[in-house]
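K.L.:
These are the residues of each chain, in order.
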Amino acid sequence: MGKFSWYSKIPLPILVVMYLVVGLTVGFMFPTNEVAKALFTSGTYFPKTIVTFAALLIFNLLAAAMSKLLLFHKGKAGKMFGLIFGLYLSMACVSLIFATGWIMVLTDVPLSLPGVETPGLAAWATQIGHTFANVLTQQPLMQALAGAVVLGWIAARFKVLNPIAYGFIYAGDAILWFFKKLLWYYPIMIGCLAIGIPMKFGAKGMALYGQGVMWVAICTLSWVGLMILFCRFVTKRSWKQIFSYYGAVWPTGFGTGGSYDTLAVNILSAEHDLGLREDVAEISIVFGTVLNKNCSTMSVLIVTIIVAKLLNIPISLMEILTLIPPVMILGLESPGIPGGAGYFMSPIIAILLGVPDEAIYVTTFVSVFSGLVPMFSTAGNTTDDGVVGAIIQDCFGNWLGHAPTHGELGLAEAATSHTTGGAS
Amino acid sequence: MKKVIGWALVAAGSWMLVAPQSLTGLKGLRWMAATTFPGEVLVGIVVLAAAYYFLDFPVPKMNDKPSH
Chain C
1 MGKFSWYSKI PLPILVVMYL VVGLTVGFMF PTNEVAKALF TSGTYFPKTI VTFAALLIFN
61 LLAAAMSKLL LFHKGKAGKM FGLIFGLYLS MACVSLIFAT GWIMVLTDVP LSLPGVETPG
121 LAAWATQIGH TFANVLTQQP LMQALAGAVV LGWIAARFKV LNPIAYGFIY AGDAILWFFK
181 KLLWYYPIMI GCLAIGIPMK FGAKGMALYG QGVMWVAICT LSWVGLMILF CRFVTKRSWK
241 QIFSYYGAVW PTGFGTGGSY DTLAVNILSA EHDLGLREDV AEISIVFGTV LNKNCSTMSV
301 LIVTIIVAKL LNIPISLMEI LTLIPPVMIL GLESPGIPGG AGYFMSPIIA ILLGVPDEAI
361 YVTTFVSVFS GLVPMFSTAG NTTDDGVVGA IIQDCFGNWL GHAPTHGELG LAEAATSHTT
421 GGAS
Chain A
1001 MKKVIGWALV AAGSWMLVAP QSLTGLKGLR WMAATTFPGE VLVGIVVLAA AYYFLDFPVP
1061 KMNDKPSH
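Those protein sequence lines, which keep their order, are chains C and A.
The working numbering puts the first residue of the first sequence at 1, with every later residue one more than the last.
The working numbering puts the first residue of the second sequence at 1001, with every later residue one more than the last.
Certain hints may be false.
[Said to hold, decoys possible] Here are the computed lysine-lysine pairs in the DSS-like style, where the Cα-Cα straight-line distance is at most 25 Å:
1) C:K48 / C:K180
2) C:K180 / A:K1061
3) A:K1061 / C:K181
Honestly, the hints are just simulated from the structure, not real lab data.
In this text, all values refer to a predicted model and were calculated from it rather than measured experimentally.
The shape of chain C in the complex, shown without the other chains:
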């Protein structure tokens, strides 16, 4: 074991990128090699298993998230609960509209599919409603999604039903425990799946993957830029505070590729660099870690376009808009594992897009939603949490009865001399 101790010290995101590069290279150089084909096939079994068990997994994870939210965080956040929940939900919605805007700019996706008349706003909304109603009555995954939200809420809301909520939480934790035990396999699986991109789609596949990463980078980085400006001009934070915070948390989120791994640095930096009060920093960031996956959901929309192009699935802005509400809801489930958004959102997306083969869609989606994509997403998700904390402290401080004092702000300025120093 000692011989391989250096391997276990390599951070997971770096391992994923390494295996991804090796997989893409192998697939590109040996597209007809039988061993390479076998390796690719071995990588598809895990995502296919996820597709088979998706309804059970998504139901338990989302019901657990809903139950935790009401049972634990509502008590912890007290008066702030509705405000924080509303802010994160609004941010999720705005960021998905923002991503849709970027999709219109960056891609050649049409407003509607050829032969389909572009509907007006009301007709568009009606069409989305019909799609949902249709999918909800026919698709087990959507029923599990809706059932999880409703039952998770009911079980946590009524005391007599709380044992059910506890069951959801234990089941959700058990699922995440199982996935975390398999984290060592995640880079290997990504490497195997990556072989399939050039093997099945040739140079076009490689180019589309690169394009996807670039689009995710453009979309998430421009969002981060906007959030920095928003934080500066809407809250009382100084440029120094904001850049100290982003300088510590963004690289940590990018490097770890997981918001739970960034939690400690995020809270410390929000207090010391951004100058948030301890209670505001802890509540907003713990909440954000659980609830906020807005940059991941933006990346999901972009990867959806890339996978549709790879598999020649017709897609238009109409379909993208249809995806926004379920992707927003799925963002709440917060699997907290690298690439988790790809695993648990792609089966739902496959159904809503009406793809002919869900398993192939999910397999391709998981392989594209890897490497740099979750790293950019996590960096954006985590830094957004601090901005929400700053909004709460500076814009709603009076309402909450804790207006920041000059002393607190001065202390915060002084504290910017401290740095949290990365992921240690």
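Position chain A against the provided structure of chain C, taking the given hints into account.
P.N.:
Relative to chain C, chain A alone:
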């Protein structure tokens, strides 16, 4: 006895959630879809909730905050 009923219901509810979806995914498990009925997932959700009620788990600890 409550535990036995609880775990039996977990098995039944889980089956009802997996079976209708099993037509997609792993080919080796597609046989599970042979006995599905309309609304099976919704019934499965209720059965699973009942199972957790019977199992009567203790209050879980919230452990998502780092010690610092």
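K.L.:
Determine for every hint whether it applies to the structure shown.
P.N.:
To see whether the hints hold, each was checked on the structure:
1. Using a Cα cut-off of 25 Å, the hinted pair K48 of chain C and K180 of chain C holds, with the two alpha carbons roughly 18 Å apart.
2. A C-alpha spacing of about 19 Å is found between K180 of chain C and K1061 of chain A, which places the hinted pair at or below 25 Å, so the restraint holds.
3. Of the pairs offered as hints, the one joining K1061 of chain A and K181 of chain C holds, with about 20 Å between alpha carbons and a cut-off of 25 Å not exceeded.
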